[in-house]
Amino acid sequence: MSVVRKLLFPFSFLYALIVRVRNLMYDYGIFKSVTYDFPLICVGNLSVGGTGKTPMIEYLIRLLKDEHKVASLSRGYKRKTKGFLLADPDTRMEDIGDEPFQYHHKYNNIRVAVDADRVNGISELMKLQDPPEVILLDDAFQHRRVKAGLNIMLTVFDELYTDDWMLPMGNLRDSRKESARADIIIVTKCPADFSPEQKERVLRKIKPEKGQKVFFTGIRYEKEVISGDRSLSFDSLTEKNFSLVTGIARPSYLVKYLKSRGLKFEHLNFNDHHHFSDKEIDELNKKEMIITTEKDYVRLSGRVDRLYYLPIKVDFLFGEEQEFTTLVAGFIKDKSGVENPAFNSN
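The sequence shown runs 1 to 346 under full-length UniProt numbering.
Simulated from the structure, these hints should not be mistaken for lab results.
Since this is a predicted model, take the numbers as computed values, not measurements.
A virtual CB, placed ideally from N, CA and C, is assigned to each residue, including glycine.
Treat the hints with caution; some may be incorrect.
[As the list claims (entries may be wrong)] With a straight-line cut-off of 30 Å between C-alpha atoms, the simulated DSSO-like cross-links for lysine-lysine are: (1) Lys127 <-> Lys259; (2) Lys177 <-> Lys207; (3) Lys106 <-> Lys279; (4) Lys279 <-> Lys199.
[Unchecked claim] What follows is a list of derived Cβ distance ranges for each label pair: (5) Asn241 <-> Glu209: 45 to 53 Å; (6) Glu323 <-> Tyr107: 22 to 30 Å; (7) Arg306 <-> Glu209: 31 to 39 Å; (8) Lys207 <-> Lys264: 38 to 46 Å; (9) Phe270 <-> Glu159: 19 to 27 Å; (10) Asn271 <-> Thr162: 37 to 45 Å; (11) Glu288 <-> Pro168: 38 to 46 Å; (12) Lys106 <-> Asn271: 19 to 27 Å; (13) Asp117 <-> Arg306: 34 to 42 Å; (14) Asn271 <-> Arg306: 18 to 26 Å; (15) Tyr36 <-> Pro191: 31 to 39 Å; (16) Glu323 <-> Lys259: 27 to 35 Å.
Generate coordinates for the entire structure from the input sequences, incorporating the hints supplied.
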């Protein structure tokens with residue numbers, strides 16, 4: 001930890017005190033949480049950004065969309081609109097934010113909505129003529145006004161919440177004790193050679209509560225980069241002069257992967273959710289070729305030429321994907337009484 005961050009300890013202490021009081025208000029019922037009688041799944045974390053929420057939301061969308069009417073509800077970070085907004089064919093990225101737009105762009109058989117007020121957002125979704133059967137709450141673990149039926153909390157393998165500190169000295173925006181509210185904890189971005197011994201060490205750090213299940217996942221990068229309906233194999237990239245452009249919280253995993261494939265490139269790194277200025281776009285258009293993340297692609301598509309993205313997916317380690325699927329299926333059946341036949345075929 002840097003000296004500067006250590007000097008921020010008094011501010012972290014004050015922030016932790018404020019967060020603790022707020023959580024106690026909910027714990028003792030002074031602040032009220034709203035519960036729901038239909039499947040509401042929350043995916044979130046205790047820290048700020050970069051834990052892999054977007055790939056996990058997409059994993060759940062793919063798992064559920066063929067048998068259930070699914071909606072995602074996000075805050076819509078850095079969007080240029082206010083209040084509740086349901087995405088439609090005319091919706092732009094600026095209207096709902098990059099991550100919701102990514103869901104909307106990729107999955108045409110789900111509903112995608114944004115609202116900073118999650119209670120109002122859920123209410124508006126359920127007022128629709130054909131309301132969703134399952135709602136996925138994106139990044140809402142700390143929003144305690146809503147009490148989800150299934151809480152999935154993510155933490156990064158090499159930056160576990162158990163080893164972190166509260167903002168601004170660390171990256172935690174909520175107390176480590178709040179991990180007890182999670183039904184499922186997923187350790188994300190585990191290395192490819194993650195061993196059973198490492199798994200046991202992490203479990204000893206987390207010390208899961210009774211009834212909590214801990215899963216371990218890695219990132220699976222696809223074997224080609226994509227631009228619209230075109231694609232290029234990784235083998236062809238060794239002959240290309242390309243720039244890597246990232247505007248995500250933790251680009252180091254992608255940089256390391258590309259270098260491990262023997263690729264040489266310049267890395268242009270921007271802040272998470274960065275909105276690219278016209279001047280920056282002009283500079284990017286001078287590049288021979290650009291590879292970026294899927295989240296950055298939705299912000300740059302149509303503005304930058306010769307633009308490709310590298311798709312990623314969640315990989316469950318130790319053969320635990322079916323167990324995770326069974327837990328999600330059981331929750332939906334208990335809440336809705338509807339069994340997903342697709343789960344039984346796995």
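Against the structure, the hints come out as follows:
Between Lys127 and Lys259 the alpha-carbon distance is near 49 Å, which puts this suggested pair outside the 30 Å criterion. Only pairs whose Cα atoms come within 30 Å are accepted, and Lys177 paired with Lys207 is accepted, the gap being roughly 11 Å. Restraint check for Lys106 and Lys279: satisfied, since their Cα atoms lie roughly 29 Å apart, inside the 30 Å limit. Simply put, Lys279 and Lys199 have alpha-carbon atoms about 46 Å apart, too far for the 30 Å limit, and the pair is violated.
For Asn241 and Glu209, the Cβ-Cβ distance of about 51 Å falls inside the hinted range of 45 to 53 Å, so the restraint holds. Against the hinted window of 22 to 30 Å, the Cβ-Cβ separation of Glu323 and Tyr107 comes to about 25 Å, which satisfies the hint. About 50 Å separates the C-beta atoms of Arg306 and Glu209, a value inconsistent with the hinted range of 31 to 39 Å. As the Cβ distance of Lys207 to Lys264 is approximately 43 Å, the hint placing it in 38 to 46 Å holds.
Look at Phe270 against Glu159: about 20 Å separates their beta carbons, and that is inside 19 to 27 Å. At about 27 Å, the CB distance of Asn271 to Thr162 disagrees with the hint of 37 to 45 Å. Checking the proposed 38 to 46 Å range against Glu288 and Pro168 shows it holds: the Cβ atoms sit about 40 Å from each other. Taken as a hint, the range 19 to 27 Å holds for the pair Lys106 and Asn271, whose Cβ atoms sit roughly 24 Å apart.
A beta carbon spacing of about 40 Å between Asp117 and Arg306 agrees with the range 34 to 42 Å that was offered as a hint. Range check, Asn271 to Arg306: about 23 Å between beta-carbon atoms, so the 18 to 26 Å window is met. A C-beta distance of roughly 38 Å is found between Tyr36 and Pro191, which places it inside the suggested range of 31 to 39 Å. In this structure, Glu323 and Lys259 meet the distance hint of 27 to 35 Å, their C-beta atoms being roughly 34 Å apart.
Checked against the numbered hints given earlier, the structure breaks hints 1, 4, 7 and 10 and satisfies all the rest.
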